[in-house]
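> Mapping the sequence shown onto the working numbering, position 365 (from 1) lands on 391, and the numbers just tick up by one.
Hint data in this document are derived by calculation from the structure and do not stem from the laboratory. One or more hints might be untrue.
Unchecked claim - The calculated DSS-like cross-link candidates involving lysine-lysine, where the alpha carbons are at most 25 angstroms apart (straight line), are: (1) Lys715 / Lys633; (2) Lys390 / Lys359; (3) Lys427 / Lys521; (4) Lys521 / Lys681; (5) Lys381 / Lys743; (6) Lys522 / Lys390; (7) Lys636 / Lys598; (8) Lys423 / Lys743; (9) Lys393 / Lys420; (10) Lys741 / Lys521; (11) Lys427 / Lys743; (12) Lys427 / Lys522; (13) Lys359 / Lys381.
Treat the numbers as computed from the prediction; the structure is a model and nothing was measured.
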Amino acid sequence: MSTRRRDSASEMEPAQSDVGRIGADPEETNQPTPPGVLLHHSTFAVQVIISISPDDCKAVGFTPNLVCSSCSELSQYGLKELEPNCRQCCAKDELNIHLPSWWCVDDVWGSTRKSMSEKPKEWPGFRVRYERGANPVIKLFNENKEVVETLGIDKWNTDTIVEFLSERGAVKGRKTWVALDVHENRILIIVRRRQIFMKMDFQFVLQALAILFHVFFMVLYPPISCFLIYKLLRGGYFAILLGYLIWLIYDWQTPSQGSRLSMALRRAYYMKLCQQYFPITLRKTAELDPSKNYIIGHHPHGILSFGATNFCQEYSDFSSLFPGMRSYLSTLKMNFLFPIRREYFEFLGVTDCSKSAIQYLLSKPRKGTAVAVVIGGAEEALEAHPGKHRVVLKSRKGFIKLALRCGTLKPILLSSCQAVAVLFNIFVILISPLPILYYIYYILMYTSYWWVMMLYFLWYLYDYESPRRGSHLFMCLRRCSLFKCLADYFPVYLKKTAPLSPRRNYLIANHPHGITAAGLFANFLTEATGFSDAYPGITTYPGTLDINFLLPFRREYMLMLGAISCGRESVKYMLSKPAGGHAVVLAVGGAEEALEAHPGASRIILKSRKGFVRLALICGASLVPSYSFGEVDVFNQINNEKGSLLRRVQDWFRKIATFSTPIFYGSYIFLPYRRPICTVVGRPIDVEKCEDPTQEQIDRLHEIYVNELLTLFNKYKVSYGLPESAQLEIL
27 MSTRRRDSAS EMEPAQSDVG RIGADPEETN QPTPPGVLLH HSTFAVQVII
77 SISPDDCKAV GFTPNLVCSS CSELSQYGLK ELEPNCRQCC AKDELNIHLP
127 SWWCVDDVWG STRKSMSEKP KEWPGFRVRY ERGANPVIKL FNENKEVVET
177 LGIDKWNTDT IVEFLSERGA VKGRKTWVAL DVHENRILII VRRRQIFMKM
227 DFQFVLQALA ILFHVFFMVL YPPISCFLIY KLLRGGYFAI LLGYLIWLIY
277 DWQTPSQGSR LSMALRRAYY MKLCQQYFPI TLRKTAELDP SKNYIIGHHP
327 HGILSFGATN FCQEYSDFSS LFPGMRSYLS TLKMNFLFPI RREYFEFLGV
377 TDCSKSAIQY LLSKPRKGTA VAVVIGGAEE ALEAHPGKHR VVLKSRKGFI
427 KLALRCGTLK PILLSSCQAV AVLFNIFVIL ISPLPILYYI YYILMYTSYW
477 WVMMLYFLWY LYDYESPRRG SHLFMCLRRC SLFKCLADYF PVYLKKTAPL
527 SPRRNYLIAN HPHGITAAGL FANFLTEATG FSDAYPGITT YPGTLDINFL
577 LPFRREYMLM LGAISCGRES VKYMLSKPAG GHAVVLAVGG AEEALEAHPG
627 ASRIILKSRK GFVRLALICG ASLVPSYSFG EVDVFNQINN EKGSLLRRVQ
677 DWFRKIATFS TPIFYGSYIF LPYRRPICTV VGRPIDVEKC EDPTQEQIDR
727 LHEIYVNELL TLFNKYKVSY GLPESAQLEI L
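Please model the complete structure; the sequences and the hints are all you need to start from.
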């Protein structure tokens, strides 16, 4: 009870001296104030009936913290005669102890996290002090903002707290809240009538549940989803799983195609609860230009990368801090394998962290895209220990390469049709001979439409020389949207370095051949990359092996695209036309060069290839070097070093069949990897016509061509993903 005489009067001496010594707002003092909550205690709004000095009251036996409500209780102890003096020494009961905004305390009785936040508006009358390295204390202030007494965290236990409040009249007869936070003012200890109760804030409950749900989805859901699939199969719900499987196949590429970002989900209340739990905050240090795209390197990974969620929710104010920007967060592809969770990630704007997926986002015509990549990845998660600041970065340079490449990437607009277009092209080139021959045999032997095939064979004989006489170019087929999808898949794009006059003919030599010559096909055999717009008045005629014109029906497809035979007579026929504006495109390295197509390699077959130079001299056609950067990166090839058994077999077969058989694989075996291919077309080398060139003239022009090609390669290699040290190896 506040009126009892205290045995250890000296216990209050520090508080008394503090009152006289401070006498001002704690913020204006020179004394360093430990972090804590400044509890405004208006108990000392003194209104005295008869002026009695504090020393007289102390001499009588009354404590400085005496409140008037305690005076009426003196009669219970036979001390009614002291009540008038008590009324003179007491202060009115205007006790007003409030809750602090929040305390970051590891545990009620332990050490602190050494951090505090600004007070919210709903807790008026409180100030929060922060001083690194100090522990929080409860400070009791009077109406003059003088420190009456403090209670350090080292004394925070039930008995001490109850005694601290009860001796100051803070508990008796009224409900009192005191700041004993276990976690950010969410779990409170209520001190009432000398009893302590626990109360949990409802808002904190929601935040904790939101975080638990997030952790469940990240950690526990995968095995549970597998178990649920098993139970559905056992329970006869096969139709449901089949329906979802069909959807999964249809939607398979979505994580690599920009996901299905839903701003409504990013603004969902659930995301706000997750953000407020810690809280997760975002600080802006520089402006981001919305006319550009960005790769945001995020460090560290931590255990579950909670900080990275700044880029997939809107409660950290990313859109407000960086107007015009749209953020995407990348993660491992395996996170999209589990039903429901993959759709959840897609709607949050989470994408696959593969190169092709990031390139897709950064290549869109709509600028202002920022892809956040947790650079350290899974390895960095193993370094996540409290108080440690370690990141895995020294060997992580792929994101730098992506940033360099994506500066000039052509926009990628389509998704599903791209894969279909690529598969169709591979089918025509590699697989179509077998089914075409089978159906011809079937029609002739087992149907009554044999006469249709006989008519076709008559046409075949009549049109046999067309591959050597300029083909049957049909520009509408070249402009087919299917080829646009094909070019956008990688993507393939064209770089013009010099104009070509439509009054001359040209022989464009393209390097390297690669596995399927995708760059040559998209740039010169179709209008997918806009060759006619870049070089008005010039029509391209790519040359290919005669064997490609032997197969029925496929030959018409090739002829309508403008392909011609790469034989000497065919090339001379096109380059000798006086009207000009014709460009024959040859993959000079041919079938042999396809065997050198390994990712990262820069090897071409050119030293002994001088026939195209001789043709340019005979026809007076200008030579144009071109190089397709990235052509060799779209497929992997089985190791076939020169001298190996496999290479000897391949060389033997090539000499017999005129075409090579590289053993290659890509994504899902036949689907090429989505890596950009840029075909850089150099400046033309003017050639004087010489119907019977000497070997010296051929060698001199060949040397000039090689030098121009090397200059072209060295000038653009860094721009298109090769290191400065890369050298073009000419075999």
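> With reference to the structure, classify each hint as holding or not holding.
Hint check results:
no., hint, result
1, Lys715 / Lys633, "holds, 23 angstroms"
2, Lys390 / Lys359, "holds, 21 angstroms"
3, Lys427 / Lys521, "holds, 20 angstroms"
4, Lys521 / Lys681, "violated, 35 angstroms"
5, Lys381 / Lys743, "holds, 19 angstroms"
6, Lys522 / Lys390, "holds, 21 angstroms"
7, Lys636 / Lys598, "holds, 15 angstroms"
8, Lys423 / Lys743, "holds, 17 angstroms"
9, Lys393 / Lys420, "violated, 30 angstroms"
10, Lys741 / Lys521, "holds, 13 angstroms"
11, Lys427 / Lys743, "holds, 12 angstroms"
12, Lys427 / Lys522, "holds, 23 angstroms"
13, Lys359 / Lys381, "holds, 11 angstroms"
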